[in-house]
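Below are the chains, spelled out letter by letter.
There are 2 protein chains.
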Amino acid sequence: MLAAVIHGARDVRAEDRPDPLLRTDDDAVLRVVAACVCGSDLWPYRGVTATQEPHPIGHELVGVVEQLGANVTSAQVGDLVIVPFSLSCGTCQSCRAGFPAACDQVTFFGSTDRQGHPVDGAQGERVRIPLAQHSLFPVGLSEAVVEERGLVPHLLALADVMSTGLHAATSANVKPDDVVAVVGDGAVGLSAVIAADLLGAQRIIAMSRHEDRAALARRFGATDVVAERGQDAPDAIRALLGGDLADVALECVGTAESMAQAMSVVRGGGRVGFVGVPNGGAQLPIRTVFGRNLTVGGGMASARRYMEELLPDVLDGTITPGDVFDLTLPLSEIAQAYAAMDERRAIKVLVRP
Amino acid sequence: MLAAVIHGARDVRAEDRPDPLLRTDDDAVLRVVAACVCGSDLWPYRGVTATQEPHPIGHELVGVVEQLGANVTSAQVGDLVIVPFSLSCGTCQSCRAGFPAACDQVTFFGSTDRQGHPVDGAQGERVRIPLAQHSLFPVGLSEAVVEERGLVPHLLALADVMSTGLHAATSANVKPDDVVAVVGDGAVGLSAVIAADLLGAQRIIAMSRHEDRAALARRFGATDVVAERGQDAPDAIRALLGGDLADVALECVGTAESMAQAMSVVRGGGRVGFVGVPNGGAQLPIRTVFGRNLTVGGGMASARRYMEELLPDVLDGTITPGDVFDLTLPLSEIAQAYAAMDERRAIKVLVRP
Numbered sequence: 006m007l008a009a010v011i012h013g014a015r016d017v018r019a020e021d022r023p024d025p026l027l028r029t030d031d032d033a034v035l036r037v038v039a040a041c042v043c044g045s046d047l048w049p050y051r052g053v054t055a056t057q058e059p060h061p062i063g064h065e066l067v068g069v070v071e072q073l074g075a076n077v078t079s080a081q082v083g084d085l086v087i088v089p090f091s092l093s094c095g096t097c098q099s100c101r102a103g104f105p106a107a108c109d110q111v112t113f114f115g116s117t118d119r120q121g122h123p124v125d126g127a128q129g130e131r132v133r134i135p136l137a138q139h140s141l142f143p144v145g146l147s148e149a150v151v152e153e154r155g156l157v158p159h160l161l162a163l164a165d166v167m168s169t170g171l172h173a174a175t176s177a178n179v180k181p182d183d184v185v186a187v188v189g190d191g192a193v194g195l196s197a198v199i200a201a202d203l204l205g206a207q208r209i210i211a212m213s214r215h216e217d218r219a220a221l222a223r224r225f226g227a228t229d230v231v232a233e234r235g236q237d238a239p240d241a242i243r244a245l246l247g248g249d250l251a252d253v254a255l256e257c258v259g260t261a262e263s264m265a266q267a268m269s270v271v272r273g274g275g276r277v278g279f280v281g282v283p284n285g286g287a288q289l290p291i292r293t294v295f296g297r298n299l300t301v302g303g304g305m306a307s308a309r310r311y312m313e314e315l316l317p318d319v320l321d322g323t324i325t326p327g328d329v330f331d332l333t334l335p336l337s338e339i340a341q342a343y344a345a346m347d348e349r350r351a352i353k354v355l356v357r358p
Numbered sequence: 006m007l008a009a010v011i012h013g014a015r016d017v018r019a020e021d022r023p024d025p026l027l028r029t030d031d032d033a034v035l036r037v038v039a040a041c042v043c044g045s046d047l048w049p050y051r052g053v054t055a056t057q058e059p060h061p062i063g064h065e066l067v068g069v070v071e072q073l074g075a076n077v078t079s080a081q082v083g084d085l086v087i088v089p090f091s092l093s094c095g096t097c098q099s100c101r102a103g104f105p106a107a108c109d110q111v112t113f114f115g116s117t118d119r120q121g122h123p124v125d126g127a128q129g130e131r132v133r134i135p136l137a138q139h140s141l142f143p144v145g146l147s148e149a150v151v152e153e154r155g156l157v158p159h160l161l162a163l164a165d166v167m168s169t170g171l172h173a174a175t176s177a178n179v180k181p182d183d184v185v186a187v188v189g190d191g192a193v194g195l196s197a198v199i200a201a202d203l204l205g206a207q208r209i210i211a212m213s214r215h216e217d218r219a220a221l222a223r224r225f226g227a228t229d230v231v232a233e234r235g236q237d238a239p240d241a242i243r244a245l246l247g248g249d250l251a252d253v254a255l256e257c258v259g260t261a262e263s264m265a266q267a268m269s270v271v272r273g274g275g276r277v278g279f280v281g282v283p284n285g286g287a288q289l290p291i292r293t294v295f296g297r298n299l300t301v302g303g304g305m306a307s308a309r310r311y312m313e314e315l316l317p318d319v320l321d322g323t324i325t326p327g328d329v330f331d332l333t334l335p336l337s338e339i340a341q342a343y344a345a346m347d348e349r350r351a352i353k354v355l356v357r358p
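Protein sequences, first through last, are from chains G and H. FYI, our numbering numbers position 228 of the first sequence as 233, with every residue one higher than the one before it. FYI, our numbering numbers position 190 of the second sequence as 195, with every residue one higher than the one before it.
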C-alpha cells in the first residue's frame, strides 16, 4: 500500500509499505477514506523536532472498517468511523474521567503500541488501529452517504483540530458573556473560534494578520480581528473593549511567544486554554500565573470524547469545521501537501489515498 | 506605637514607630485588635528571600476604625473590620471580575502605596490602610461582642489563610464527588481542608506527617491522612483509592517539591489549585501539564471576596478556621512568635498588640 513516511526535515515521501494486519484481538484494520496534514506535523517537517529514523506519519483520518479483532465489538466491518489522534483504552481512570488523551495506555500513530508492534501513520491507504474498541467512533452513516453529503472534511476535522479547538475552549471554561481572544489563526485557532461560539462567548477576538484566515474566522463566529502582536496586542484589545482585556485566551500555537501573548491579553483572574504542542521554549511562567491569578489548562485534546459532543452539530450543519481545508491532494502528492502548509499557501490540506 | 520590623534573617523586632496618620482621602487608620504571623513571613525570616532594608511586616489583621478619609464611606469610626492581606481599588476590571488580588492598584502591607507613601505592617498597634473604601470589611458586630464570643481568631483567619485555602479549592473547581489531596499541613493547607469540605468533596486526603496537624486536619474534614512523600505518595493514594489517583490536588506550600508532589497525585485531566507563594525554584512544567491534561490555577487569594462568602459560616459556627492558631503572644514578643513558627512549635501564632 501507499503511505507517507517522514525521513527528515522537509523530506516526506509517499512510499510503498506492507499492508497492515491484525496483530492482537484488540486491533482493527481500516481503509483510509481521507487523512490530512496537521500543524504539529510541521514541527518534524521543519526540523524543529528531530526525526531520528524514518517513520510513517499522520494522525487524523476517516476510514472504513475492513478487519476487526475478536475483542472489538464497538464497530462492524463496513462501518465508516472517525479515529481520534490518540488511541485509548476507555477503561482506565483518566479515560473514565473523560480524558482519554491522558490514558494509561495512550498510543500514537506512527509510533509503537504497548505490545511493541509498530503503528502505521494515518496518511496512508490502510492503518492498523490498536485499542480499537474505544478508539473507533462509528459515524452511523455509510461512506456513500457521507461522500454524497460532502461531510468527509467536517468529520475529518473532528479527529483533531475541531476537537482540539473545543478542548482549548472547554479547558478555559468559556462561558456566555466571556470575551475570548484566540491566539493563532491556523486550523486549530480557527476551530477554537467555532468552539468559543458554540459555548456562547459574547465576543470573540481572532488574532490574525492574514486576510483569508481572518475572513474565515469571521465566518466561524469571530466578532473582531486584531492584527497587532507583542506589546501592541493588549493595547489593541483595550482599545476595542473600552479599556478592558479579554476574560479568556485560547493559545493555539505552542511557542513561547504565543503563550506570552495569550497571557498578556487577559485580565487578572483570566483563563488560558492552551492546546498548541509546546515547542521553542514555551513555558508556563509561575510568577505570572500566580500574581495575575490566571487559570491555565489544556494539553492534548481528548478527541474521542469531543467528537461525540460535536457529531450532531456537524450532521445538522450547525458547524462546518471542514472549511479549514482549503486544498485537497492525492496521497501520492503528500510532499506537496506538506510544502503548501509549510509555506502557508494552505491552511490545512486534505489528503485522499 | 509598637510595631514589628524585620531587619534580616531571623531578626524581627518589636520597635517604637510613629503613629500612622491619614495621608489621602482614601485612607483609614485602624487600631489593631489582633494580627498574626503567616507562613509566607517565614520566607524573609529564614533568609530565603532577602530583606534589603528594615521594614515593617505582617499582613493579617482584625481592627477597629479610628480615622477615615473623606472618600471612605464603606465603614464608620468604631467599626470592627477585617482587612485582606492585599489592598485593592474595587473598581478596575480585575476587581469587578472578582479578583481584587490582581487589582491594577494592588497594594501590600509593609511596602509603599501608589502615591509613594510607606504602608505599615499589620503586626503593630495601628495601621494606615490605603484604598480603604474597598479594603475594609466591616464584620457587623462590635469589638466587645466579637471578643466575648471568641470570634477574633476565626475572623482573623479570613484575612489570609482561610481565604487562601478557599482560593485553592475554588481555583481547582472542587466539586461534590471529587477526591481532593491537600499538599501542605500548615495553616493554609489545613484551611484548604476546610474549604474542600465546604465545597462538598467526597473524600479529602491530608498529606501530613505531623500527628497534631493530621488530627486537626481530620477535625476540619479530612477523611484520610497520607504521610508518604515523593514517589511513595501516589502509591499510597492508589492504595487508598483502589488503584486510582485524586481528582484534585491543592498545593499549599510553594516549593518545587510540593508542586511536583501535587501534580503526581492527580489523575489525567486532574486539577491543581496552587496558593503557596512560589519559592525555591517552583515551576509549572508545561509538558507535564500538557501531556497529563492538567488544569492549574490559583495564586494570591482574593481574600476581600472570599471573606464575604465565609463570614456567615464563621458567625454561625459552621467553620472554625481560627483553630489553626495554637499559640497567642503579645506583640512585644514578636520575635518568639516567628521562632515558634520557624521551629514548627506552633502552626500559626496570633499576636495581640
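Treat the hints with caution; some may be incorrect.
So, partial list: chain G residues that the calculated Cβ filter (under 10 Å) puts toward chain H [said to hold, decoys possible]:
hint, residue
1, W48
2, G52
3, A55
4, G95
5, C97
6, C100
7, F104
8, A107
9, A238
10, D249
11, A265
12, S269
13, I291
14, T300
Honestly, the hints are just simulated from the structure, not real lab data. Glycine included, C-beta positions come from ideal geometry on N, C-alpha and C.
Could you tell me which of the numbered hints above are not met by this structure, giving the numbers in increasing order? Hint check: 1, 2, 3, 4, 9, 11, 12 fail, others pass.
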